[in-house]
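From first to last, the protein sequence lines are chains U and L.
Going by the UniProt record's numbering, the first sequence opens with residue 1, and the numbers climb by one from there.
Going by the UniProt record's numbering, the second sequence opens with residue 1, and the numbers climb by one from there.
Be careful, since some hints might not be right.
Stated by the list, open to error - Just a sample of chain U residues kept apart from chain L, beta carbon distances all over 12 Å, derived:
#1 T32
#2 T59
#3 V156
#4 A159
#5 T164
#6 Q172
#7 G173
#8 V244
#9 G259
#10 D276
#11 A307
Stated by the list, open to error - Only some residues are given here: those of chain U computed to face chain L with a beta carbon under 10 Å:
#12 L24
#13 Q91
#14 D96
#15 V117
#16 R212
#17 R221
#18 D255
#19 K286
#20 R298
#21 R335
#22 G391
#23 E396
#24 D400
Just so you know, these hints were derived from the structure itself, not from any lab.
Using N, Cα and C, we set each Cβ at its ideal position, and we do this for glycine too.
Protein chains: 2
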Amino acid sequence: MTTQSTEQVIRETIDRVLTRVNALSEPGPGYTRPSYSDLETLAHAVIRDEAEALGLAVTTDAAGNLLARMEGQDRSAPALHVGSHLDTVGQGGAYDGQAGVAAGLALAAALKAEGQVPPVDLVVIVTRAEESVWFPASYLGSRGHLGRLTRADLEVARADTGRTLADHMTAQGLDPEAALQAAPPRPAHFIEFHIEQGPVLDQAQEPFAIVRGVRGGLRYRNAQIHGTWAHSGGAPRDQRADAVFAFADLVTALDAEWGRRLDAGEDLAVTFGRVDAASPVHAMAKVPGELEFCIDIRSEDDAVLDAMDGVLKDMIAGIETARPGIRFELGAQSRSRPAALSAGLGDWIAEGATARGEAPRRMLSGGGHDAAAFAAAGWDSVMVFIRNWDGSHCPEEGMDPADLARGVAALHAAVLSGAALPEMP
Amino acid sequence: MTTQSTEQVIRETIDRVLTRVNALSEPGPGYTRPSYSDLETLAHAVIRDEAEALGLAVTTDAAGNLLARMEGQDRSAPALHVGSHLDTVGQGGAYDGQAGVAAGLALAAALKAEGQVPPVDLVVIVTRAEESVWFPASYLGSRGHLGRLTRADLEVARADTGRTLADHMTAQGLDPEAALQAAPPRPAHFIEFHIEQGPVLDQAQEPFAIVRGVRGGLRYRNAQIHGTWAHSGGAPRDQRADAVFAFADLVTALDAEWGRRLDAGEDLAVTFGRVDAASPVHAMAKVPGELEFCIDIRSEDDAVLDAMDGVLKDMIAGIETARPGIRFELGAQSRSRPAALSAGLGDWIAEGATARGEAPRRMLSGGGHDAAAFAAAGWDSVMVFIRNWDGSHCPEEGMDPADLARGVAALHAAVLSGAALPEMP
Numbered sequence: 001m002t003t004q005s006t007e008q009v010i011r012e013t014i015d016r017v018l019t020r021v022n023a024l025s026e027p028g029p030g031y032t033r034p035s036y037s038d039l040e041t042l043a044h045a046v047i048r049d050e051a052e053a054l055g056l057a058v059t060t061d062a063a064g065n066l067l068a069r070m071e072g073q074d075r076s077a078p079a080l081h082v083g084s085h086l087d088t089v090g091q092g093g094a095y096d097g098q099a100g101v102a103a104g105l106a107l108a109a110a111l112k113a114e115g116q117v118p119p120v121d122l123v124v125i126v127t128r129a130e131e132s133v134w135f136p137a138s139y140l141g142s143r144g145h146l147g148r149l150t151r152a153d154l155e156v157a158r159a160d161t162g163r164t165l166a167d168h169m170t171a172q173g174l175d176p177e178a179a180l181q182a183a184p185p186r187p188a189h190f191i192e193f194h195i196e197q198g199p200v201l202d203q204a205q206e207p208f209a210i211v212r213g214v215r216g217g218l219r220y221r222n223a224q225i226h227g228t229w230a231h232s233g234g235a236p237r238d239q240r241a242d243a244v245f246a247f248a249d250l251v252t253a254l255d256a257e258w259g260r261r262l263d264a265g266e267d268l269a270v271t272f273g274r275v276d277a278a279s280p281v282h283a284m285a286k287v288p289g290e291l292e293f294c295i296d297i298r299s300e301d302d303a304v305l306d307a308m309d310g311v312l313k314d315m316i317a318g319i320e321t322a323r324p325g326i327r328f329e330l331g332a333q334s335r336s337r338p339a340a341l342s343a344g345l346g347d348w349i350a351e352g353a354t355a356r357g358e359a360p361r362r363m364l365s366g367g368g369h370d371a372a373a374f375a376a377a378g379w380d381s382v383m384v385f386i387r388n389w390d391g392s393h394c395p396e397e398g399m400d401p402a403d404l405a406r407g408v409a410a411l412h413a414a415v416l417s418g419a420a421l422p423e424m425p
Numbered sequence: 001m002t003t004q005s006t007e008q009v010i011r012e013t014i015d016r017v018l019t020r021v022n023a024l025s026e027p028g029p030g031y032t033r034p035s036y037s038d039l040e041t042l043a044h045a046v047i048r049d050e051a052e053a054l055g056l057a058v059t060t061d062a063a064g065n066l067l068a069r070m071e072g073q074d075r076s077a078p079a080l081h082v083g084s085h086l087d088t089v090g091q092g093g094a095y096d097g098q099a100g101v102a103a104g105l106a107l108a109a110a111l112k113a114e115g116q117v118p119p120v121d122l123v124v125i126v127t128r129a130e131e132s133v134w135f136p137a138s139y140l141g142s143r144g145h146l147g148r149l150t151r152a153d154l155e156v157a158r159a160d161t162g163r164t165l166a167d168h169m170t171a172q173g174l175d176p177e178a179a180l181q182a183a184p185p186r187p188a189h190f191i192e193f194h195i196e197q198g199p200v201l202d203q204a205q206e207p208f209a210i211v212r213g214v215r216g217g218l219r220y221r222n223a224q225i226h227g228t229w230a231h232s233g234g235a236p237r238d239q240r241a242d243a244v245f246a247f248a249d250l251v252t253a254l255d256a257e258w259g260r261r262l263d264a265g266e267d268l269a270v271t272f273g274r275v276d277a278a279s280p281v282h283a284m285a286k287v288p289g290e291l292e293f294c295i296d297i298r299s300e301d302d303a304v305l306d307a308m309d310g311v312l313k314d315m316i317a318g319i320e321t322a323r324p325g326i327r328f329e330l331g332a333q334s335r336s337r338p339a340a341l342s343a344g345l346g347d348w349i350a351e352g353a354t355a356r357g358e359a360p361r362r363m364l365s366g367g368g369h370d371a372a373a374f375a376a377a378g379w380d381s382v383m384v385f386i387r388n389w390d391g392s393h394c395p396e397e398g399m400d401p402a403d404l405a406r407g408v409a410a411l412h413a414a415v416l417s418g419a420a421l422p423e424m425p
């Protein structure tokens, strides 16, 4: 039974944590805390402060992730981890990551305020480096916790500084070699609250949902089109190698393919997040000879990602043939695998919601999240999506803390329901 | 009759002028002399030095254009002006503009070396501010000479400094008000040698050609597409307002329209010289909510430009309907009228070429040039195109000075042929 005062503790904790964390940012608009930056470390220190005030035992792992543990009734059972990350994209929003950490602390605060002991250990977990816009590699922080970092990961350069992950970890007082050697912890339960990053719940007027899976991604972060510079009035159409027209061919062809595959029932999303034909050499009176772009293809089905990589390359070959002088260079591919999340853990939370008169839908996550890394490592891992609007990864990113509080209250009800947590997978 | 030593003087003058002018540039790659910059003024001083060494009478007009006069046999007839400009685009090439100035000086040097007096006054003319990439307005320097500057022109801001034309003129020791008040000079003859800025002559293996007209231009220099920022994995396809996909729709639609109009015999060129979806807010994991671009549409037929402006706006309306949330903002339009050049003056030069065993083709200029401004002001104006390769408006811009020398020799032969210059239009 969630009392009125419990709801108040949940809500106050959420508001306070969001305010304290978001006070730490590079100058706006929006919020900017790069991965493995001083600002990310300061945000972790806020959570340490909050957790210690609740009497939780705080540790950090070799990769700099923070774990704040409240002892449960059964100390030998796999612990229930609740958390997310505190780094942001550049000029990001107030909730992506932060909301999931606030949720974990709010649950712990509610249990403490009531004098309740959870059935198993509750661990508020704060990961590092979830936003791969900084280090172009997926889930570096959570993979660090899971003993799944590779030596290649340590050499990845941060986009803004050009310095390696190892370098940035060292600058934050961490030992990259120790993170590399870290033994995988025993798999446990992991729940991540996160804004939806899409309009589905907002349009359906639903406060939160259970996430059944996380899309995987296929990315070319530094693709280029090489053509031929020419005068905009002087070059005949059939002798141009115009990088912008070639790019438009690709976008239009992939747009049509995307529509066809959705119609066929496949899951797919295609985004060109960055297009750059705006160097000092580009000018109105010049046929553009160069264009840089990135492409992000996502699906819940790895086979669709494989197929789309082939389609992309076939399309490029076709454009190169149709436009002599045009040459695409896709550059390095990065890939994250789709992850099915725990139906059992989702049901367990949903039962808590049902007890409170809520009926959260099951849905898919378009974005990649730490929960996918935990699932891939054999953890019993699930997400709760919170309604959001005005986009995500942007200063306008909207969320009502009351919606997050309703989700946390559902989890709180599940924790106190006496219902058994799922068996580990 | 052009002797071997005359050809040598022409060639040596061309080489020396190109070398001296191109020594004046911002750091490379390529050559950068902004309009109404110190570097442009220094380049004009080189021509003053060269012209005075030939004994020509050098003056400048209120807009800072340079005129170097060699007296002719008939001092009362309209003078024969030969020249071009010395400003460049950013990171431009070694010949655009420079070649036309070198040609004028080479003709004067050859006549001086031979002790010949031209039938009418020969004026080597060096204009200012032809490259509208700096001040977004067409033919500012030559319009200044022609008494056609407007007060609005004086307020145009230079793209790199943000300071007005009036400001930059003043900084170069000029009086903008005097330029504004300048009386139009008596119309005369104007010949501009210029690289082709296209591959036609190079592919046909022809050294030079007579230009029968200059395409006009319809431009939107600062167009924008506004959409909605969203997460690249989270936003369903049918609810996105993706600025990049909207842009690709426009490019693809205009590409098809361009092909249809060429097939129908119309003259048209379409270029998106600059595309910018690469701000700090743009990122791989974001559906792009903003894109900036410029569009440059050219034709020898003003009616085609008018029609294309309508087509462009209809296409935009269609895209906005098909993609809710997308809004185009074309911004200010700038326009230059197509110009028919002087068939009579072209024939007069061609006869000089014929006497030397050359058969220059007649062709169209895709790029706008000062010759169009002179033609618009009632001058007897024509251009000679020189074969070029590897593009123009770029560091790689190629031209063989020997080709330019062959064109100048043709003009030299015309000057000495005794054939009358055309009547003024």
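Results of checking the hints against the structure:
1. T32: violated (9 Å)
2. T59: Fine: 30 Å to the nearest Cβ keeps U/T59 off the interface.
3. V156: holds (14 Å)
4. A159: Not fine: 9 Å to the nearest Cβ puts U/A159 too close to chain L.
5. T164: holds (20 Å)
6. Q172: holds (23 Å)
7. G173: The assertion about U/G173 holds, with a minimum of 28 Å to chain L.
8. V244: violated (5 Å)
9. G259: violated (7 Å)
10. D276: Per Cβ check, U/D276 is inside 12 Å of chain L; nearest 4 Å; violated.
11. A307: Check passes; 17 Å lies beyond 12 Å.
12. L24: violated (19 Å)
13. Q91: U/Q91 check passes; min Cβ-Cβ to chain L is 5 Å, inside 10 Å.
14. D96: It holds, given that the least Cβ distance between U/D96 and chain L is near 9 Å, below 10 Å.
15. V117: violated (37 Å)
16. R212: Since the shortest Cβ distance to chain L is 15 Å, the answer is violated.
17. R221: It holds, given that the least Cβ distance between U/R221 and chain L is near 6 Å, below 10 Å.
18. D255: holds (6 Å)
19. K286: Holds: closest Cβ of chain L sits about 5 Å from U/K286, inside 10 Å.
20. R298: holds (5 Å)
21. R335: violated (13 Å)
22. G391: At 4 Å from the nearest chain L Cβ, U/G391 passes the 10 Å test, so the hint holds.
23. E396: Check passed: Cβ of U/E396 comes within 7 Å of chain L, closer than 10 Å.
24. D400: violated (17 Å)
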